[in-house]
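Chains as they are written, first to last, in this note's numbering: chain B, 72 to 553; chain L, 363 to 673.
Just so you know, the hints here were simulated from the structure itself, not pulled from any lab data.
Hints should not be assumed to be uniformly reliable.
To be verified - To list a few chain B residues with every Cβ distance to chain L over 10 Å, as calculated:
(1) Glu87
(2) Ala163
(3) Gln449
(4) Leu463
(5) Glu474
(6) Leu531
As the list claims (entries may be wrong) - A short, non-exhaustive set of chain L residues, derived as facing chain B with CB atoms under 7 Å:
(7) Glu391
(8) Ser399
(9) Arg434
(10) Arg514
(11) Gly519
(12) Leu584
(13) Phe590
(14) Leu591
(15) Val602
Note that this is a predicted model, so its numbers are computed, not measured.
By construction, the Cβ of each residue, glycine as well, lies at the ideal position given by its N, Cα and C atoms.
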Amino acid sequence: MPELSTLLRQRLRATEDRSLQHPDPDTLNAYIEEVLPAHERERVLEHISRCSPCREIVALATPDAVLAAEEQTVPAAIGVAAPRRRWFLSPAFGLAGSTAAMILGVALLLRLSPPQKSALHPATQHVQESQSMPIGSGTTMDANKPAEAAQLPAQVNTQSGSADVTEKAPTAPKMTATLDSPSSAPSHQPERKAENRPSRSPVVVADLRGQDFVNKTFLANNYDTQTTSAVYRDLPQAPLPSQSNPGFAPPAVVAGSQFQGTNNFVIPSNSAGSNRGVMTFYSFQTHTGGSNTLIGKIVDFGKRPLTKHLGPPIPSSSLGESSMFKPGATTVQPSEAITAAKSEAGPSSEGLAGSPAFTRRALSPDARAQIAGVSQYQWKVVQGKLLRSSDLSHWTEENPGGENLQFSVVSPNGLEIWAGGNDAALMHSHDGGSTWERITLGAAATGTINSIEAAGPNVLVKSSSGQSWLSQDGGKSWIVQD
Amino acid sequence: MEKDSLLAGKIGTIRIMSSRPSPVEAISEALRELFSSCSARKYGLELDEFQHILEQVATKYIPSSPPAQKIRFWKELKLEELVLARGCANGHELAWQDFLIRYREKLYDIARGITKDDAGGRELADSIYGDLFGTSEREGVRVSRLDFYMGRGSLEGWLRTVVAQEFVNRYRKQKRLVSLDEQEEDGVQFSAADPNPVVPADSRLSAAVDEALGQLTAEDRLVLASYFLDDRTLTEIGRVLRVHESTISRRLEKLLKNLRKQVVAGLMAHGMKRAQAEEALETDVRYLQLDVAKKLQENRPAAFQEDKGSD
């Protein structure tokens, strides 16, 4: 008996209609190109299903390229079940995957970046843990002997506390600075804080290069911790002093005798002085003649400070209300002090957030948001031109002084912008690029400036001729470095 | 009063009718618009001839259609290519220049692709090229094959179809003119007896199969005919129907299962018992599946399969 396939072959051939009138090439082509209306298409389909020559013509005339493209998408007109789509090959999936990979990459980069809370030196940690303890009469910064202090090696001897630490590290220098320590513990009574708060808070210590820190005790006693907590939450506690003053340059008086603003301290770490560091902090002169460090940073001198934006110094007026800064002044209620500080743009969270002591990376998201307005321009030098941008997408050429200099390097540091070019040309702006002044390094200055490292008033400039010029007064005077 | 209102109504109707263009005007307007939108004048066609061509196309495909349908139909035509073809058919030099630039090489490529042979493809393309130019005359007028292009599809697609049609026609003519020696060499004239001759089927079986085939859709029948009659591969069938070969495979399998059920049902309707019907078919799905698997492995490169039919 015949098989079904044989039967089908036999009956299909028998039912082929050879009397049909064939469609013309135009119609067959229109069928192939699917431009026929449905009823006409059905008629052609019916014909070619019964006409072998027309089936051959259609099969031969169907272009391979079109078929290859159309195999991916089944036309709904022919009523065939659509092939399965591979969802993982879709553009949307690819886009989502690449986005996820980018996010993962950024997260990994952030994770691999230097930790904000580095491990403190054991001695430092010990001191930090013991900060709540009242510290005896600590060392007082000898502001009258900067030269002598600068010659001191980085040797740390703990006087208060139990730890004895000797820092002798030519390869890994330890920088130490200290100010007067508090004489008594802060009181729990807010009304009496002004009376009982330590007159001289502990300050800075060693091995915090590249780290932001904050004297939380000082803040808790003097400021509104509710509003400042967001700013200081992620910063490490400023360690207590652990040694006598190792010596560093005295801070410059910025606003009267009450307040000393942003200062950079060159701290020699060894006798040769080759491993110097720069400490930047806000400090306040107290009625005892010492200073209190509120917040600060220590960075390597050879590296660009992590602080990008030097904010304005904290106005002394905002702190002048505090009895802490006025000997014999009346006690000020904390609430009034806070109100006064806020209304006069004093040491509120906003004012402190603009401090150069903070890096954005070290701050919490809230704090970063608070200081977002500080940043105005990004700077770069391209093909000898100094460019600035507020959004990193549109760059505008800056022509300081209208001198059409050929710039080679720019060093933005908050509102302080330093830009150097050929012929030892050095331009400086202290207001974020609004106004510029030409800085004269010296008659002997030659070459193209290829490096500018600025941290507050300390500026180190190097030129292609091998010269290094250092200024410790914001560019007013320069000395040639060896 | 009544007469006045009636008069006013008639005047209003006349005004409305006069503001609406008549069908003739609408067609003329559309023709003018279409004429200016294509390169008819560039290829030496005037508006009258252009109108004649479009009327010819409409008469062929949508005879006795209302003007609006005609206009829609005309707008869907490939007018640019249509006027080029008609310009060539009229012997317009610029039209031929454009045609040769655009389609001469394509024509060779198409012919080579269809014949799978360079020399044969070139010969076929030259032959078609002669037909397009018009080497024959009818009543003293040169007849160009381009006169039959109606612009429903692309001119390139039409050329491909024409080449395919010519190739099929040649093959069929060649087949009829094959020499006896070749037939003998092919073992056709004195071919050996078929070891598995098709036993004349029971009339009930033929009727049942015919009934089952008659219930198929045109597309299902096309699949079966392409597979069983034309011996096309699943890939080739899928290409024609714009689906993947696996879809054709599944579809064939399903079709054969259903056909078998319907044939068995038909045989039972013709008085057979199920066992008899099954025996009459003497086939089962397993065999068909094996058959399909075997077919799937086939990979015939030839573009044109010899018709193994009786004709």
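Results for each hint:
1. Glu87: Its Cβ does come within 10 Å of chain L, the nearest being 8 Å, so this is violated.
2. Ala163: Since the minimum Cβ distance to chain L is about 23 Å, Ala163 (chain B) lies beyond 10 Å and the statement holds.
3. Gln449: About 54 Å separates Gln449 (chain B) from the closest Cβ of chain L, which puts it past 10 Å; holds.
4. Leu463: Correct as stated: the minimum Cβ-Cβ distance to chain L is 49 Å, above 10 Å.
5. Glu474: For Glu474 (chain B), whose nearest Cβ neighbour in chain L is about 61 Å away, the distance exceeds 10 Å, so it holds.
6. Leu531: 71 Å, holds
7. Glu391: With a minimum Cβ separation of about 25 Å from chain B (threshold 7 Å), the hint on Glu391 (chain L) is violated.
8. Ser399: Given a least distance of 19 Å, the restraint on Ser399 (chain L) is violated.
9. Arg434: 11 Å, violated
10. Arg514: 4 Å, holds
11. Gly519: At about 4 Å, which falls below the 7 Å cut-off, the nearest Cβ of chain B leaves the hint on Gly519 (chain L) intact, so it holds.
12. Leu584: 4 Å, holds
13. Phe590: Holds, about 4 Å.
14. Leu591: 5 Å, holds
15. Val602: 5 Å, holds
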